[in-house]
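*Asks:* From first to last, the protein sequence lines are chains A and B. For the first sequence, this note's numbering begins at 1 and goes up steadily by one. For the second sequence, this note's numbering begins at 1 and goes up steadily by one.
Note that these hints are calculated values from the structure, not bench results. Given the structure is predicted, the values throughout are model-derived calculations rather than measurements. Among the clues, some could well be false.
Cut-off 25 Å, straight-line C-alpha distance, at most; resulting in silico cross-link-like pairs (PhoX-like, lysine-lysine) [stated by the list, open to error]:
(1) B/K68 to A/K46
(2) B/K66 to A/K345
(3) A/K345 to A/K133
(4) B/K136 to B/K79
(5) B/K136 to A/K46
(6) B/K66 to A/K46
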Amino acid sequence: MAARRSPCICLSVVFLAMIAVVAVSQIIVEWRQGDSPQIAELFRQKPTRANLRRLESSLESGCRIGQTVRPWMQFARFVLLEDAGDNAILGRDGWFFYRPAVQYLIEPWSPEGGQTQGNVFDAIISFRDDLAKRGIQLLVMPAPNKASVYPEMLTGRTRKETGSVNASTREILVRLKQEGVEILDLFEVYDRAKRVAGSPACYLAQDSHWSPEGMRLAAEAVANRLLDLGWIEKRATKYETRSAPVERHGDVLRMMRVPQVERLFEPQGMDCTQVVDAETGQLYADDPNSPVLVLGDSFLRIFERDEPGSGGFVAHLASNLGFGLSSIVSDGGASTLVRQQLARKPALLKDKRVVVWEFVERDLRFGTEGWQRVPLPAPDGSG
Amino acid sequence: MRHRMACICSAFLIVPLLCTSCAKKTDPGVDAQVTSLGSVEVTAELLEIPGEVRNDPLYDYAHVVKYKVLTVHRGQVDKDVIYVGQYNPAKPRDAAADARVGQIGGNLRQFRVGDVHRLAMEVPIDDYYMGGIINKYFGQTEDPVYWALWTNRVVR
Chain A
1 MAARRSPCIC LSVVFLAMIA VVAVSQIIVE WRQGDSPQIA ELFRQKPTRA
51 NLRRLESSLE SGCRIGQTVR PWMQFARFVL LEDAGDNAIL GRDGWFFYRP
101 AVQYLIEPWS PEGGQTQGNV FDAIISFRDD LAKRGIQLLV MPAPNKASVY
151 PEMLTGRTRK ETGSVNASTR EILVRLKQEG VEILDLFEVY DRAKRVAGSP
201 ACYLAQDSHW SPEGMRLAAE AVANRLLDLG WIEKRATKYE TRSAPVERHG
251 DVLRMMRVPQ VERLFEPQGM DCTQVVDAET GQLYADDPNS PVLVLGDSFL
301 RIFERDEPGS GGFVAHLASN LGFGLSSIVS DGGASTLVRQ QLARKPALLK
351 DKRVVVWEFV ERDLRFGTEG WQRVPLPAPD GSG
Chain B
1 MRHRMACICS AFLIVPLLCT SCAKKTDPGV DAQVTSLGSV EVTAELLEIP
51 GEVRNDPLYD YAHVVKYKVL TVHRGQVDKD VIYVGQYNPA KPRDAAADAR
101 VGQIGGNLRQ FRVGDVHRLA MEVPIDDYYM GGIINKYFGQ TEDPVYWALW
151 TNRVVR
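All chains, full assembly: derive it from the sequences and hints.
*Replies:* Next up, the structure:
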């Protein structure tokens, strides 16, 4: 009996020792850095859900042994199991997908289900109405998730459906249109583009964002819609485009934070074009006095503020319209944060006639800080 | 036997905690950056980190936290309680900067309620940082939000 218990006790001791080694080594590391042990935080604040989660996340990200071992474990999982980690999914032919966007696509959810803070319809319609009080028109443009446009690159088992494959997105767009909100449906735009044989992909293989081609199509579609609606007239500023190819790994691949995996893939080439003022030869720059304000997330940042610069959606929309635009970019924050930013600086709405609001499709469910109503100060400054 | 083992294990964890908490020297958190960057410099106690700090692998956010001002070293601060945007507070300050925000730093490694920091700041945040700002105080106060450029730990 005693002989049978010995291996159990031995294993238990080894297991506990492994846990203790991590904890004690971390305490020593923090002590040598002059900090008090982070675990002491457990006793220094109320054990609320938020505090405990913050501590857990902080312990996890700050653990030195974890930082050393984790990339190698993830590399092994990727090579052996094609497991790209908690936030990424490896698709077909070297395409990577951002897991929350896939989750959005395949998990059933309802916009009325209370899963988000606030309500998407209230937020958008009240924003439209607040702008209307100032005589400003609103054009809403959800940027499709890559997985919604290219589900066949996620798995070969997907059916080749047309348009949006997510019923909730379709339901939200239909309902917003019924409420009189002007929507630019990029799902249709990209669906048409995909049908043209040999056309470049609208999304980047290793990235969560649109490709230069997808961005150009979006800018062209928005410009055409604004002109067709008569909300704005084309002006005479001449812009030219110049080729500015870029090569880099995509954000989904980099997000894994496993250099060993990154080295398995070649950086992706991107056929970017920068927008240049034809008269001055200067790269496109925003105009704070523009009649058009563009709000959005990292879809506006890519190619525009990231390399090559002045080659993103805003610059290309300006080129199509013949005048400079104003913009507010809030990475990962186009559902609520970007409107809060606008509410803090309402002077940005001075002399505006149109607001174009872009947000990524998955934010309909997962938007940071949900879909809060963010009242704009009254036009006369009284509110 | 069990009781003795429990005592030994507890001592193993608690003694280092006690040693570290007793071994600190005072430090006003002064360095060349905190005394020169931005237009405002204060020593302040961190009162609240509202909500969860997002540590999103895809996006970087500034989180607005609440401080009680203890000493104003430079610039003008009219309130005792101020709201400060800290970029990527899940990261140590010397690892928080990236190409989008420029010069952000300091020697602070972790944000803990009750700790005292020496901060170099600008105001308002929107004039110095364009990106996601998670501000749980939005709509609750009209006070300006400061943008933390440099955050050093103060040991009293």
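*Asks:* Could you run down the list of hints and mark each one as holding or not?
*Replies:* Status of the hints after comparison with the structure:
1. Taking the CA atoms of B/K68 and A/K46, the gap is about 19 Å. The hint holds against a cut of 25 Å.
2. Annotation: proposed proximity of B/K66 to A/K345 holds, straight-line Cα distance about 21 Å (limit 25 Å).
3. Taking the CA atoms of A/K345 and A/K133, the gap is near 17 Å; set against the 25 Å cutoff, the hint holds.
4. A hinted pair counts as satisfied when its Cα atoms are at most 25 Å apart, and B/K136 with B/K79 qualifies at roughly 19 Å.
5. For the proposed pair B/K136 and A/K46, the alpha carbon gap of about 19 Å is at most 25 Å, so the pair holds.
6. Between B/K66 and A/K46 the alpha-carbon distance is near 17 Å, which keeps this suggested pair within the 25 Å criterion.
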